[in-house]
Amino acid sequence: MAQLIEERGLGRFYDFRTSPAARADRRCDDAFEACDRPEVMRSILEPTGNEDQSSMSCRIDGMTCAACTWLINKAIRDVPGIIDVTINPLTSLADIVLDKTRAYPSDVLGAIAAYGFSPRALPRAALAAGPVNRGGELKRLAVAGLGFVQIMSLSAALYLGAFKAMSPRFETFLTLASLLIATPVVLYAGAPIFRNALRDLARRQIGMDVPVGLAIAAALGASIFNALRGSGAVFFDSATMFVFFLTLGRFLESRARYRAGQTYQSIEALVPISSTRIVDGHAQNVGTIEIVPGDTILVPPGEAAPADGMIVSARASVDESLLSGETTARNKTSGDSMLGGSLNVGSQPIELRVTAVGRDSYIGRVSRMLETAISRRPDSMRAAEAWASRIAAGLLGLSIVVGLLWLTIDSEQAFRVVLAMLVVTCPCAISLAAPAAFAAGLGALARQGLLLRSTEVIDRLLEARTWLFDKTGTVTDGSMQIVQTHCFGELDAAQCLSIARALEAGIEHPLARAFIGEHQPQHAHNVEYIEGRGITGEFDGQTWRLGSAAFISAADSCFTNNADLGGVWLANDNQLVARFEISEQVRAGAPAAMRLLQRAGMKLALVSGDDDAAVGAAAQALRIEDWHAAQLPEDKLALMSRLQQSGQRVAAVGDGVNDAPLLAQADVSVAMVAGSELARSSADIVFTGEDLRVVARLPLAAAQIRRVIRQNIGWAIAYNVIGIPLAAAGFVPPWLAALGMSASSLIVVLNGLRLGSTLRAEPHAMRQQQHTSQWLTEMS
Amino acid sequence: MNILFALIPLTALLLIVAVWAFFWAVRSGQFEDLDTPPVRVLLDDERGEDAQK
Chain C
1 MAQLIEERGL GRFYDFRTSP AARADRRCDD AFEACDRPEV MRSILEPTGN
51 EDQSSMSCRI DGMTCAACTW LINKAIRDVP GIIDVTINPL TSLADIVLDK
101 TRAYPSDVLG AIAAYGFSPR ALPRAALAAG PVNRGGELKR LAVAGLGFVQ
151 IMSLSAALYL GAFKAMSPRF ETFLTLASLL IATPVVLYAG APIFRNALRD
201 LARRQIGMDV PVGLAIAAAL GASIFNALRG SGAVFFDSAT MFVFFLTLGR
251 FLESRARYRA GQTYQSIEAL VPISSTRIVD GHAQNVGTIE IVPGDTILVP
301 PGEAAPADGM IVSARASVDE SLLSGETTAR NKTSGDSMLG GSLNVGSQPI
351 ELRVTAVGRD SYIGRVSRML ETAISRRPDS MRAAEAWASR IAAGLLGLSI
401 VVGLLWLTID SEQAFRVVLA MLVVTCPCAI SLAAPAAFAA GLGALARQGL
451 LLRSTEVIDR LLEARTWLFD KTGTVTDGSM QIVQTHCFGE LDAAQCLSIA
501 RALEAGIEHP LARAFIGEHQ PQHAHNVEYI EGRGITGEFD GQTWRLGSAA
551 FISAADSCFT NNADLGGVWL ANDNQLVARF EISEQVRAGA PAAMRLLQRA
601 GMKLALVSGD DDAAVGAAAQ ALRIEDWHAA QLPEDKLALM SRLQQSGQRV
651 AAVGDGVNDA PLLAQADVSV AMVAGSELAR SSADIVFTGE DLRVVARLPL
701 AAAQIRRVIR QNIGWAIAYN VIGIPLAAAG FVPPWLAALG MSASSLIVVL
751 NGLRLGSTLR AEPHAMRQQQ HTSQWLTEMS
Chain L
781 MNILFALIPL TALLLIVAVW AFFWAVRSGQ FEDLDTPPVR VLLDDERGED
831 AQK
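Top to bottom, those sequences are chains C and L. Just so you know, the numbering used here puts 488 at position 488 of the first sequence, and the rest follows in order with no gaps. Just so you know, the numbering used here puts 788 at position 8 of the second sequence, and the rest follows in order with no gaps.
None of these hints come from the bench; they were simulated from the model. Errors might be hidden in some of the hints.
[Stated by the list, open to error] Footprint (simulated), chain C over chain L, 3 or more residues, beta carbon under 8 angstroms:
1) 783-795
2) 798-811
[Claimed, not checked] With a Cα cut of at most 25 angstroms, we get these calculated SDA-like pairs of lysine to any residue:
3) Lys164/C / Ala801/L
4) Lys139/C / Met781/L
5) Lys164/C / Ala798/L
6) Lys100/C / Pro38/C
7) Lys139/C / Ala801/L
8) Lys139/C / Ala805/L
9) Lys139/C / Ile796/L
[As the list claims (entries may be wrong)] For each label pair, taking beta carbons as the anchor points, the in silico distance ranges come out as:
10) Lys603/C / Ala801/L: 52 to 60 angstroms
11) Ala801/L / Gly397/C: 14 to 22 angstroms
12) Leu726/C / Ile783/L: 35 to 43 angstroms
13) Val797/L / Ala114/C: 40 to 48 angstroms
14) Arg359/C / Phe811/L: 48 to 56 angstroms
15) Val797/L / Leu176/C: 18 to 26 angstroms
16) Val797/L / Ser167/C: 24 to 32 angstroms
17) Ile783/L / Arg195/C: 36 to 44 angstroms
18) Ala801/L / Gln648/C: 13 to 21 angstroms
19) Ala801/L / Pro293/C: 48 to 56 angstroms
Glycine is no exception: its CB is placed at the ideal position from the N, C-alpha and C atoms.
From just these sequences and the hints, can you work out the full model?
Below you can see the structure in the form of structure tokens.
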């Protein structure tokens, strides 16, 4: 791979690389070939405006920094027939527009994989519901903004003309110009507001858009009438200002929601895109989408099953952890079922007769449940909306009453007063308070690698006081190393290692990878892998056993009582030959991350299915006092339930490989991006980085976001409270009302945008963390 | 000040041009991805690479 980079003159990649690249994985040529099949192509390619062109999306794992984006970009563009490439490093998604007649998906995928990344074509259905009509919103925002600016300059002239005499010719001219510009601007940009208001009125409800829509319509209508009549006040500036800020608010809100939605991946991304189907004894490489119940498929070792099925092979070893959370691989025999998405961890392919595919499979059903859960709006929001509509109705009534009062006192002013009141009572600033903060806050977090699924996560983060960490893959980076080799017999370390490698060859397990590394070992014969325990096999004429002390002593009690029994042992028929000490790498930022959390007042716990020695060592490195080893998934869940029942809110961080249920149960779940697909699609937060310190700053970030929201709401309410009496008393002309409303909205938005830089501050992390526990108690 | 009678319609025209330009930008997907361009600026210019080949 390095050679390829040099050849292509892309050596500058190394100059720009800011973090080590992920190791090159096995290339899946078959999987890529399957993408060229018509059925599969139809599911992954999306038509564009151009007949000959299609676009496809794929997720690329292994992008660790911006230089990787550049490299992949160049790699794809080198393929003939590529029209356009857009790569988003934040979500690891790439969109490629290709010329259907010249390029195939497999070309693109192969090009990416050649540089050591793992691409995965995503079926169209898997992508989050796109930014619906974002273009429309942008257009309305632009029209409102540009029109606003134009009208303001005309109005400024008119106001000056009121102070220093302006010839009536010009006054009329400017007024008519304002009319001609303001009318289309307000009608186009304000269309959704009017539509919503009419819809609400049709349903006899007073939504937030009703008073606002009324105010705009009244302002515009009265202005047009007065302009054509030639006398009386006009409010074009107020109307356009109003529309602009309302549109801005909605735009920001939908941006925040869009960002949150981008992290979601549905079921279709969980299973492999290609499978091997057996027809009449021949193996065919087909797309998963082509499989139907009744087909017989083959699941190669190390791969995930594409669908639910019944096992035909005599023996199979299946890892269902990503679904059920059980860490131990299960032995299955013919007649047992295997769920789509579970892994074949044996050394032989599994033959499977398909029983359910896609949405009907177990994963599909779980995924559908998740989808409905996410799309349902949380109760807190519905309550807030009910409240808001009641308040809006009340304020509307108040405006009318005040208007009527004025009619009796001084009918000239009545209209102005009503208008001013309608504008001042508009809860625009309040409605902008939260979205502005969320848009900026979630955006800033996304830039750090934390993709939040929704804005409610912030609330739950503020309540969480206990953080549970999974060990493998979360606080450790999942790679194991052989630290030491002790030899007891005549064979030396190198020979023992090569025997071990021969036994481990072909096994998919972090331990196997630790032994094999870059070598291409010979295979031992008659290899039998007993999950969780060890391996037996024949090599070089002898029978060997490699595994835990318990495994070895099951065959042969050759241990003396005082030995330290940890590590992986190698023994042949007669005696112990060697002992390998294995250790896991704790992530570089992890100890600091734990300190940050502890400073913020969080209680920490480490849970793992691994043995005492490994977990204890990790806990010691991290200085976590509360650690639990040898936890079955049920134990982990029980631990979490106990904590939650005692009134605690718990956050869980894991990679989902064997703790998906744990993540689902937690109040806040963070999934490492290198983890399982299911965890990523169900967790509240996906962390795409490597440094856990970023995760540790989440409570602080949540507190800061909440603080800004409170500031915003406080200010917005103050404005309303002061403004309403003033407007009712007639002291506020409509233009001032609009100005005040706009200014308060602007202040709220700018205050929210501050979060963009606040959330970035790293050097002050320690100091800030001390404040965090203070803030958290204030917030709750 | 009579020039105003020409200037105001001119600004209105410019407004229309501006709005049209923005609409074009939205339609041609300029606003699709706002995250990668800031990062792309930091990387090397592709034209330089191709010239060397």
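- Task: Go through the numbered hints given earlier and state which of them the structure violates, listing their numbers in rising order.
- Result: Hint check: 3, 4, 5, 11, 14 and 18 fail, others pass.
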